[in-house]
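Participant: One letter stands for each residue in the lines below.
There are 2 protein chains.
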Amino acid sequence: MALIVQKYGGTSVGSPERIKAVAERVKRWKDKGNDVVVVVSAMSGETNRLTALMNDVNPEGSCREKDVILATGEQVTIGLLSMALTGMDCPAISYTGTQVKILTDNAYSKARIKEIDSNPINEDLAEGKVVVVAGFQGVDDDGNITTLGRGGSDTTAVALAVALEADECQIYTDVDGVYTTDPRVVPEASHIPSLALEEMLEMASQGSKVLQIRAVEFAYKYNMPIRVLSSFDDDENAKSTLVTREEEVMEKVMVRGVAFNRDEAQLTISGVSDQPGVAVKILGPISDANIEVDMIVQNIGSDGSTDFTFTVHRNDYDQAKKILNQTGAELGARSCSGDDRIAKISIVGVGMRSHAGVASEMFKALADEGINIRMISTSEIKVSVVIDEKYLELATRTLHDAFDMA
Amino acid sequence: MALIVQKYGGTSVGSPERIKAVAERVKRWKDKGNDVVVVVSAMSGETNRLTALMNDVNPEGSCREKDVILATGEQVTIGLLSMALTGMDCPAISYTGTQVKILTDNAYSKARIKEIDSNPINEDLAEGKVVVVAGFQGVDDDGNITTLGRGGSDTTAVALAVALEADECQIYTDVDGVYTTDPRVVPEASHIPSLALEEMLEMASQGSKVLQIRAVEFAYKYNMPIRVLSSFDDDENAKSTLVTREEEVMEKVMVRGVAFNRDEAQLTISGVSDQPGVAVKILGPISDANIEVDMIVQNIGSDGSTDFTFTVHRNDYDQAKKILNQTGAELGARSCSGDDRIAKISIVGVGMRSHAGVASEMFKALADEGINIRMISTSEIKVSVVIDEKYLELATRTLHDAFDMA
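Protein sequence lines, in the order shown, are assigned to chains A and B. Numbering of the first sequence is given in numbering that gives the first Met the number 0, commencing with residue 0 and proceeding in unit increments. Numbering of the second sequence is given in numbering that gives the first Met the number 0, commencing with residue 0 and proceeding in unit increments.
Note that these hints are calculated values from the structure, not bench results. Values in this document were obtained by computation on a predicted structure and should not be read as measured data. Mixed in with the good hints, there may be bad ones.
The calculated DSSO-like cross-link candidates involving lysine-lysine, where the alpha carbons are at most 27 Å apart (straight line), are [as the list claims (entries may be wrong)]:
id, chain 1, residue 1, chain 2, residue 2
1, A, K65, B, K26
2, B, K389, B, K208
3, A, K100, B, K113
4, B, K109, B, K220
5, A, K26, B, K109
6, B, K65, A, K100
7, B, K65, A, K19
8, B, K19, B, K31
9, B, K238, A, K65
10, B, K19, A, K100
11, A, K109, A, K238
12, A, K238, A, K19
13, B, K100, A, K113
14, B, K26, B, K238
15, A, K100, B, K100
16, B, K65, A, K65
Construct the entire structure; sequences and hints are all you get.
Facilitator: And the structure:
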């Protein structure tokens, strides 16, 4: 007997029929003697419907009110799933983020979880109930409704699993696990039965959409095993990907996967006098505007001045460009430039720790195809490069081949 | 400057455009220097949409989960209206029933308000904000979401007005007030500019659908003036009906209005031995089944036995009949019978207190048209009769004429 937290995304609960299918699956796990806590997203389409209403009323509305409205999506799903379960003689009870309660900070639309009260859930589990919790939402110290931002339901699931000391956190999606790269780009991509949390973390942060990075960070920090499964495959022996700590992963390959991301844009400020604190002067105003910076590269020029390049989310490009131009004027920079038609591509694997030369092998494979590299960033288990967006598919296939992942 | 609580029903907030129209109206009241608290229902159609989802998943689902789901309807509206208001530079903040908080008992789907915490609202009003509150919903002592049942938003508005010691509670609907009777039945029905809470209470309980009876009861108990207005009429001098305590009503007419109700059914048990406690034996099992009884009439027959007739909601007729047949067998009754093709018709007016002969005038008017009376029930300010349903329209027009209400 185990305590399992399961998370079902919007597509998995997209209709009354799908909700009943989820209820049947939950009941099977429960009938095997497990305690089950279920985290659900809004039914697919619901968030878009609510967003359209908000845009019709006032596109510039406050984030507090947007969260009040968006949080209703999951609230409907928890009620429906609980009703479906009790209809199958499986006792169940629903909780909103406010009720659990999932305490967050008050950063509306991207709140962070501070604390979860696991007592009421444990009591319900002890009474034999399945507990259904609204993902994506929480409540701040003053009782305001907050949402965790995109993919927040994954984070809710992992955070609940940690708080409840669950044995496993199962994330049900529309795919049956993690692949060496996106099969839509490389049809030969292979299924990965198990990988390290560190690898998953890098894959997610590099754009692999199977799991949300904040959820993986949470799991990594608290060492919570995550299993990725398909909610569309009812086979008992269906494929899945288990994500655990590094030492528990059986097979350590050099490169586990190729991840890519076309959501970024690149910004460069050139000819700034290189003195202590220049990075803060450049990035401070960007982060003050709540814009997240991903890759950062700095070069020192021959004349003692420095060139500084970084990437931001493509949606933040225009605003970041405006801020950078202002900073450039203040610092007397030679020029500020940018490009939002770029892509980031990364190879990831814990095996890199013990293998030298992976990066140069990557650069060579790309050079052989005539693909120019604009930025490079490395970590112990990852090498990322920024290239022109038009080369993205070619580069992905090239690297997938070069490292024998088919 | 006054403190005004306004309530807008589902049709008044049925689309983004309607919500913006409501926001403009609220802002006009606010700009005149009033403090404004707004109570809203779910957008029209939303409750039906959610109910259809619930029926698809499990028509027998628990009331707790139904309330969790239904409460999302108002939650969306409060967010949208707040966004519409801030979009017009009118600061606003939304509250769910849980947040206010509107404390209720835990009778899911028909909870009763126990207490409202007015402090947070008063603080927001002092800061110049419009406060937008979800109608129809509350929270019990354990943090479970509850709903107040049909028409609950009216009750929320009046209860809030009482808690905040508001000057007036304005109920916006799709009609511009109370009429002497339903204009769809009697086109000559007259608009009533002001009437007594007692009269409104009787009108509502007799089937007039303009205000919900629980809301009127609440207003009556706490002496809160209610004004009924149309949300579709933007004229400054639009008609409305003010409902206040009797002594404040200027013109006291004998009969204020004719109300009717075709939602009832009649049940009769005949030839029961007339002994103390027989009424309890007959009605106890009915109320144990949670069926509400409206009119009750008892006659003593010449043989010392008694006939007992009462009315219930038409939806409860079959169940009540079954229970009555069982009671009849236990009590050795001569017969049990019933009829669900009846209608109740009532004349209401505080003027009746000081006028004798109103009832006989009513009976004569009906008799002149050949309408047979099946049951009679009177109060100080009301006379109700039960007639065959087929005579309903004729009887309504007859009484409207007889008491010169055109």
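Participant: With reference to the structure, classify each hint as holding or not holding.
Facilitator: Verification of the supplied hints:
no.	hint	in the structure
1	K65(A) to K26(B)	holds, 21 Å
2	K389(B) to K208(B)	holds, 21 Å
3	K100(A) to K113(B)	holds, 24 Å
4	K109(B) to K220(B)	holds, 19 Å
5	K26(A) to K109(B)	violated, 31 Å
6	K65(B) to K100(A)	holds, 20 Å
7	K65(B) to K19(A)	holds, 16 Å
8	K19(B) to K31(B)	holds, 19 Å
9	K238(B) to K65(A)	violated, 36 Å
10	K19(B) to K100(A)	violated, 34 Å
11	K109(A) to K238(A)	violated, 32 Å
12	K238(A) to K19(A)	holds, 22 Å
13	K100(B) to K113(A)	holds, 23 Å
14	K26(B) to K238(B)	holds, 20 Å
15	K100(A) to K100(B)	holds, 16 Å
16	K65(B) to K65(A)	holds, 23 Å
Checked against the numbered hints above, the structure violates hints 5, 9, 10, 11; every other hint is satisfied.
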